[in-house]
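Fit chain D to the supplied structure of chain G, relying on the hints for placement.
So the chains spell out like this:
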Amino acid sequence: MLLRHTSKEVKVREGLTINPAKTCQPIGAMYAALGIHGCLPHSHGSQGCCSYHRSTLTRHYKEPVMAATSSFTEGASVFGGQANLLAAIDTIFAVYDPDIIAVHSTCLSETIGDDLQQITKKASDDGKIPEGKYVIYASTPSFVGSHVTGYSNMVAGIATQFAESTGVKKSQYNIIAGWMEPSDMREIKRLAKVMGINIVLFPDTSDVLDAPQTGKHVFYPKGGTTVEELKSSGDSLASLALGSISAEPAAIALEKKCKVPFETLDIPIGLTATDRFIMGISKVAGVTVPDEITADRGRLVDVMCDMEQYLHGKRVALFGDPDQILPLTEFLLDLGMKPVHIVSGTPGQKFEKQMRQLLDERSPETNFKSGLQADMFLLHQWMKNEPVDLLIGNTYGKYMARDEDIPFIRFGFPILDRIGHSYFPNIGYSGSLRLLEKILNAIMDRQDRDALEEKFELVM
Amino acid sequence: MEQIGILEGRERQVLEKNSGVAQADIACDTSSLSGSVSQRACVFCGSRVVLYPVADAIHLVHGPIGCAAYTWDIRGAVSSGPELHRLSFSTDLQEMDVIYGGEKKLYKSLIELIEQYKPKAAFIYSTCIVGLIGDDIEAICKKVARETGIPVLPVHSEGFKGTKKDGYKAACHALMKLIGTGSTEDISKYSINILGEFNLAGEAWIIRQYYEKMGIEVVATLTGDGRIDAVRRAHGATLNVVQCSGSMTWLAKEMEEKYGIPYIRVSYFGIEDMSKSLYDVAVKFPDRPDIMEAAKQIVSEEVKTLYPSLQKFKKALTGKKAAIYVGGAFKTFSLIKALRSIGMSVVLAGSQTGNQEDYARLKEMCDEGTVIVDDSNPVELSKFILEKGADLLIGGVKERPIAFKLGIGFCDHNHERKIPLAGFVGMYNFALEVYQSVMSPVWQFAPRKGGSL
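These protein sequence lines are chains G and D, in that order. Residues in the first sequence are numbered from 1 upward in steps of one, following this note's numbering. Residues in the second sequence are numbered from 1 upward in steps of one, following this note's numbering.
If we strip away everything but chain G, and leave its shape as in the complex, we get (with noise of 0.2 Å):
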């Protein structure tokens, strides 16, 4: 079998990554674009590139994922690729005919210098973009951070570069999304109405990344943020920043730009990071907490009670995005469970520290890593090690579940084997009910199936 390749033991390794806990910025952009209306993300870089991103993205989602690319040759590798995103320009205006296109930059168009955002002012200054169009773009190299950087960094850039204060403020609070599923945006839609207030979330991919059969095959599908809630961010009242790695550089970036104040939460994933989000609505924007979040909030602690259980001290290994883990780290805790490993290829001190803060506190023992080296190829190696009852972390992981025989929950970026994570949410009181759901599932599945004749009972 194919991880039989993982030997136990653990050696220090200075250069190689093996079986990566993570993919590089581009994608992630890609990603982000998608959540504006009538946006055509564009990778300024060679043909592979997008290919590979529109692949991943597609079996991710089982859609359309529409990009173009500057495909570079060797020429432009040599002169600089100002004329091909030009050309790109041209060329996708007069025959996609987007409303918007946002260019992320790629390994090779950083190392050659090419310079976004002077070649974006070009652009704009030859007149090669038409009224009310527009070109944005977010600088992506692909040997700083991971995807989740460039998810970040285009998020970031989506709001410097349409965010437009008037001077009066309008009577809304903006909610910026953390990488998390179409679904989980819908999902913080929905409680933002519940909650009553109005939002402008961004980015936004459900209608876009979740689009109905209809027969034909729109570009540029229903959903996504539009360019006046984008430019009108400017003007709301605060902003919350769902997950301090992928969503508050925008945050901060809006602050500077508008002066729009903002707060830093985690993506409510889990019980107490979504009582979090919801007293940060509450308290930002004055208002009560409808009853029936109230009652959604019962029934997750109802069930968290009900099995208890099944759940104490059950030993799980995670690999993921900085943003999503440390909740979810939070609510494994929550329900008594253990995490044994957690690994992140996200490099980044802040991560570092928070969850470093998270374990220190409720369990030090914890194997953690994160950046360099942090792949799946350790998480493997510590499980050899110390086993565990439960793995969770994207498809790939399936390997090591097989290799260990143990219950694998699929959950992350990305999820290449299996449908759901775009129409059902793991956020708010009851998305962190069906992951609670998943979890039990899983392990008490395992129990049934492994226990013996005389112990395999109806009422578990």
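Just so you know, these hints were derived from the structure itself, not from any lab. Just so it is clear, CB atoms sit at the ideal spot from N, CA and C, and this is done for glycine as well. Honestly, I wouldn't trust all of these hints.
[Said to hold, decoys possible] Restricting the straight-line Cα-Cα distance to at most 27 Å, the calculated cross-link-like pairs of lysine-lysine (DSS-like) are:
#: 1; chain 1: D; residue 1: Lys276; chain 2: D; residue 2: Lys363
#: 2; chain 1: G; residue 1: Lys121; chain 2: G; residue 2: Lys193
#: 3; chain 1: D; residue 1: Lys213; chain 2: G; residue 2: Lys62
#: 4; chain 1: D; residue 1: Lys120; chain 2: D; residue 2: Lys177
#: 5; chain 1: G; residue 1: Lys216; chain 2: D; residue 2: Lys388
#: 6; chain 1: D; residue 1: Lys143; chain 2: D; residue 2: Lys120
#: 7; chain 1: G; residue 1: Lys369; chain 2: D; residue 2: Lys104
#: 8; chain 1: D; residue 1: Lys315; chain 2: D; residue 2: Lys449
#: 9; chain 1: G; residue 1: Lys62; chain 2: D; residue 2: Lys418
#: 10; chain 1: D; residue 1: Lys363; chain 2: D; residue 2: Lys213
#: 11; chain 1: D; residue 1: Lys418; chain 2: D; residue 2: Lys315
#: 12; chain 1: G; residue 1: Lys189; chain 2: G; residue 2: Lys257
#: 13; chain 1: G; residue 1: Lys216; chain 2: D; residue 2: Lys449
#: 14; chain 1: D; residue 1: Lys108; chain 2: G; residue 2: Lys11
#: 15; chain 1: D; residue 1: Lys104; chain 2: G; residue 2: Lys11
#: 16; chain 1: G; residue 1: Lys11; chain 2: D; residue 2: Lys118
#: 17; chain 1: D; residue 1: Lys118; chain 2: G; residue 2: Lys8
#: 18; chain 1: G; residue 1: Lys216; chain 2: G; residue 2: Lys62
#: 19; chain 1: G; residue 1: Lys8; chain 2: D; residue 2: Lys120
#: 20; chain 1: G; residue 1: Lys11; chain 2: D; residue 2: Lys143
#: 21; chain 1: G; residue 1: Lys11; chain 2: D; residue 2: Lys120
#: 22; chain 1: D; residue 1: Lys321; chain 2: G; residue 2: Lys216
#: 23; chain 1: G; residue 1: Lys216; chain 2: D; residue 2: Lys177
#: 24; chain 1: D; residue 1: Lys418; chain 2: D; residue 2: Lys321
#: 25; chain 1: D; residue 1: Lys177; chain 2: D; residue 2: Lys165
#: 26; chain 1: G; residue 1: Lys121; chain 2: G; residue 2: Lys257
#: 27; chain 1: G; residue 1: Lys398; chain 2: D; residue 2: Lys418
#: 28; chain 1: G; residue 1: Lys257; chain 2: G; residue 2: Lys283
#: 29; chain 1: G; residue 1: Lys384; chain 2: D; residue 2: Lys108
#: 30; chain 1: D; residue 1: Lys118; chain 2: G; residue 2: Lys398
[What the hints assert, rightly or not] Computed far set for chain D versus chain G, every beta-carbon distance over 10 Å:
#: 31; residue: Ala145
#: 32; residue: Lys189
#: 33; residue: Gly202
Frame of chain G, contents of chain D only:
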């Protein structure tokens, strides 16, 4: 959607067959237009898919993490033994490496890898920026080869240095360095190499079995279920049998020049082409009439059971229309024939990498009114699928959701095929898959087919 036309500058890459008038040749072999939503990939992708199935080598991607992450276990190229190819190895280059060079990291990574896995060889893929930062990969590879005693082969696959086809060539170039380094002792005179068969869903095993049944020794399969030792002695074969014209013809030509091994081009898809690929090999061994006899025997036995089993599909599918958009043009020829044998016509045929000769042949094969495209994009594909009323699209991962959004059937004839489509049994599987998809009850619910509330 419908009002979007063909991309300006792409008019010459699209053609609707009309025998009544003189038509210019299709333009191809060009790089994609900047700004197009192309379905194509890059040089690295080409190299990676060709070498990927070599299962007892390590495949180290030298560059930032993405290139390794996106090509981790993407292709169902099955191995009967080691599975090193299914792991993802990267030097994960960082900003400092870009500034100061990645040679040290590459060296360390290689040493760590070879110590950990004891592979038979190592392939080192250059990605875009490696060319720019000036890492001397050749030198590092030589050094590591010397120190570890295994072949360490650079693959010059910087993404921007051409098209996917150039990547195929870079991969073949690396293979050429291995070929000729093994012993050819004991290799039969009646022997072949199978080129361009990647063992997706175990297809190479099926093909190999046919040839072995004919009494022919298969020296190496390049690269399906590939092994370094087999590649090293591939020059001992008498004949190269090349499938997938895009990827391996270059290697066949090189081997012909260097080792005097002739080659033939074949295809294993569909009854007609599959049978021909056995006969064409048998013909090359005229002093052994038993080989031809065995080939005839195989074909007659296989067809005897296959043909009747196809009839129920044919009955259901007759009159249905297909659109084909795949990587190589050679595959398109076989698919047209295979589809015809189950009663379907082809209304759109295209490829990412076909050449002039391929398109001329394609035009000759196609029915009147068939649209032929080179390096197409989603706009064109959807436009023609709707205009021509196709019931099925055959393509790869990025095409699948387009078909489903339009509400028509789909067959993956690329990396994501899950059942073997090659060989006689593959023809049955293909017909079954097409039948199941085209005849699925779900399409009736698509609004375009009148399925609205």
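Cross-check of the supplied hints:
1. Lys276(D) / Lys363(D): Holds: lysine 276(D) and lysine 363(D) sit about 21 Å apart, inside 27 Å.
2. Lys121(G) / Lys193(G): 39 Å, violated
3. Lys213(D) / Lys62(G): Between lysine 213(D) and lysine 62(G) the Cα gap is close to 42 Å, so the pair fails against 27 Å, i.e. violated.
4. Lys120(D) / Lys177(D): It holds: about 14 Å lies between the C-alpha atoms, which stays within 27 Å.
5. Lys216(G) / Lys388(D): 14 Å, holds
6. Lys143(D) / Lys120(D): 16 Å, holds
7. Lys369(G) / Lys104(D): 24 Å, holds
8. Lys315(D) / Lys449(D): 22 Å, holds
9. Lys62(G) / Lys418(D): This hinted pair holds, its Cα atoms lying about 17 Å apart.
10. Lys363(D) / Lys213(D): Violated. Lysine 363(D) to lysine 213(D) sits at ~36 Å, over the 27 Å cutoff.
11. Lys418(D) / Lys315(D): 25 Å, holds
12. Lys189(G) / Lys257(G): Measuring from Cα to Cα gives roughly 25 Å; hence the hint holds.
13. Lys216(G) / Lys449(D): The given pair, whose Cα atoms are some 11 Å apart, holds under the 27 Å limit.
14. Lys108(D) / Lys11(G): OK: lysine 108(D) and lysine 11(G) at ~13 Å, within 27 Å.
15. Lys104(D) / Lys11(G): 19 Å, holds
16. Lys11(G) / Lys118(D): 16 Å, holds
17. Lys118(D) / Lys8(G): Within the cut-off at roughly 16 Å; holds.
18. Lys216(G) / Lys62(G): 15 Å, holds
19. Lys8(G) / Lys120(D): 22 Å, holds
20. Lys11(G) / Lys143(D): Since the Cα atoms of lysine 11(G) and lysine 143(D) sit roughly 23 Å apart, the hinted pair holds (cutoff 27 Å).
21. Lys11(G) / Lys120(D): 22 Å, holds
22. Lys321(D) / Lys216(G): 18 Å, holds
23. Lys216(G) / Lys177(D): Cα-Cα ~49 Å, so violated.
24. Lys418(D) / Lys321(D): With a Cα-Cα distance of about 23 Å, the restraint between lysine 418(D) and lysine 321(D) holds, given a limit of 27 Å.
25. Lys177(D) / Lys165(D): With a Cα-Cα distance of about 19 Å, the restraint between lysine 177(D) and lysine 165(D) holds, given a limit of 27 Å.
26. Lys121(G) / Lys257(G): 19 Å, holds
27. Lys398(G) / Lys418(D): Holds - the C-alpha atoms of lysine 418(D) and lysine 398(G) are around 18 Å apart, at most 27 Å.
28. Lys257(G) / Lys283(G): 24 Å, holds
29. Lys384(G) / Lys108(D): Between lysine 384(G) and lysine 108(D) the Cα gap is close to 25 Å, so the pair holds against 27 Å.
30. Lys118(D) / Lys398(G): Answer holds: lysine 118(D) to lysine 398(G) is near 25 Å, not above 27 Å.
31. Ala145: 17 Å, holds
32. Lys189: Check passes; 38 Å lies beyond 10 Å.
33. Gly202: 16 Å, holds
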